[in-house]
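**Q** Sequence:
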Amino acid sequence: MPDKRYMHHNVYSMPNWRFFRWLLCNERLPLNIQRRLISGPNVQTATMWSGTLSTLLLTLIGLYRHPTPLFWLWCLITLTLTIYRVGLHYQIRQQWRRRIANPADQIYLVNLLWCATTGLGTALCLLSGDAVLQVLVIPSMVVFASLAACYSHGTPRYAMLQVMLLDLPLKLAVPFQPEPWFWIFVLQGPFFWMGLYKIIRALDDLSIQALLGEYHSQRRANLDPLTELLNREGWYREALAIRGPGRAPLPVSLLFSDLDGFKHINDTYGHMTGDELLRDIANAMSEALRNDDILARWGGDEFVILLPGTSPEASRSVAQRLIDITADTAHAYPGIGLSIGLVHCQDWRGMDRDRLERLVAQADQSLYRAKRQGKGCFQELTEQV
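In terms of our numbering, the sequence shown opens at residue 1 and continues consecutively.
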């Protein structure tokens, strides 16, 4: 399971369709690594143009030499997919610049449709009996399949499906050819597929090891070693990464919490018990929050939580739930409680480090008000810009 206390908020959306989640995702890896693996060169401009233009050129040559209904159909489908693919590609790049998650299912569906159409079209060229087209499509298909395998190495199942959609129709057309030497092409198929699969797996393993090394390095730099929550700098980095991208305001609430009675636990039972208490509270808070909420140990017995897209009413419920959860530990840690300062930000768009630091300071002020009110409660205010 990905560690929900350390997630990089980037713009790569995960597939929604169950088939694509199976095809693209390795759920044994942390979520941010999965997102980086499924992005790959499939969304790079050079890759998109090289594939679409090469295929379109091949279809136009086929249509020029054989203006039959099947070649017209192949050309029209290819042209339609090309226009849609180019439009989707640039729509996605614009969304990325505005930090809007891309439609992952559409990207990979249109790529698979392109592979299937190209594979069937090249089989049509082979069946035409035209020696020029046959000479063109066989090496072209080897190149297309090889590039699909290499460019999609971060998603092995998806890469092999692309290879089969591109290459298999051509081989299935061989038995309908009068020339027996084409059977050599069929006999080479399993060795070709196995070679590509080994290349895909090797590249995938290298990518995963590199990304895991980067991931664990970032975790060590941005996590508190005692609780394994984000530390202060890690929290700032994650919080600023969710700046609202769209036109609509993004409400956010910030909770600054402090344990009541923690010094008594340390003085009475020792620092090892105090450390165990902090770990228990960190785990309880993490379990009570959503994956999108950003929780950090601020220092000592202080915890800071950011609740993106949360209304004031919902954030009050979260604050009270955390207070209740902490109170439930009183049987193991007598006298322990939680006070919370809550500040509401009506629009997170345009958030920067200075404004966020002021927001934290206002939440800290609300915390001291809660302490003066008798502890074990929360006090709130709205961001003072």
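For the record, the hints were derived by calculation from the structure and aren't laboratory data.
All C-beta atoms, glycine included, are put in the ideal place defined by N, C-alpha and C.
Don't take each hint at face value.
What follows is a set of in silico ranges between Cβ atoms, one per label pair, in the way DEER data are often shown [as the list claims (entries may be wrong)]:
1) L113 with Q188: 36 to 42 Å
2) R21 with K371: 43 to 49 Å
3) Q218 with D352: 40 to 46 Å
4) A330 with R18: 28 to 34 Å
5) E357 with A284: 47 to 53 Å
6) W17 with G87: 53 to 59 Å
7) G300 with Q218: 20 to 26 Å
8) Q91 with Q218: 52 to 58 Å
9) R372 with N266: 20 to 26 Å
10) H216 with G195: 28 to 34 Å
11) T68 with P190: 19 to 25 Å
12) K371 with T268: 17 to 23 Å
**Q** Any of the earlier hints contradicted here, and which numbers?
**A** 1, 3, 4, 5, 6, 8, 11
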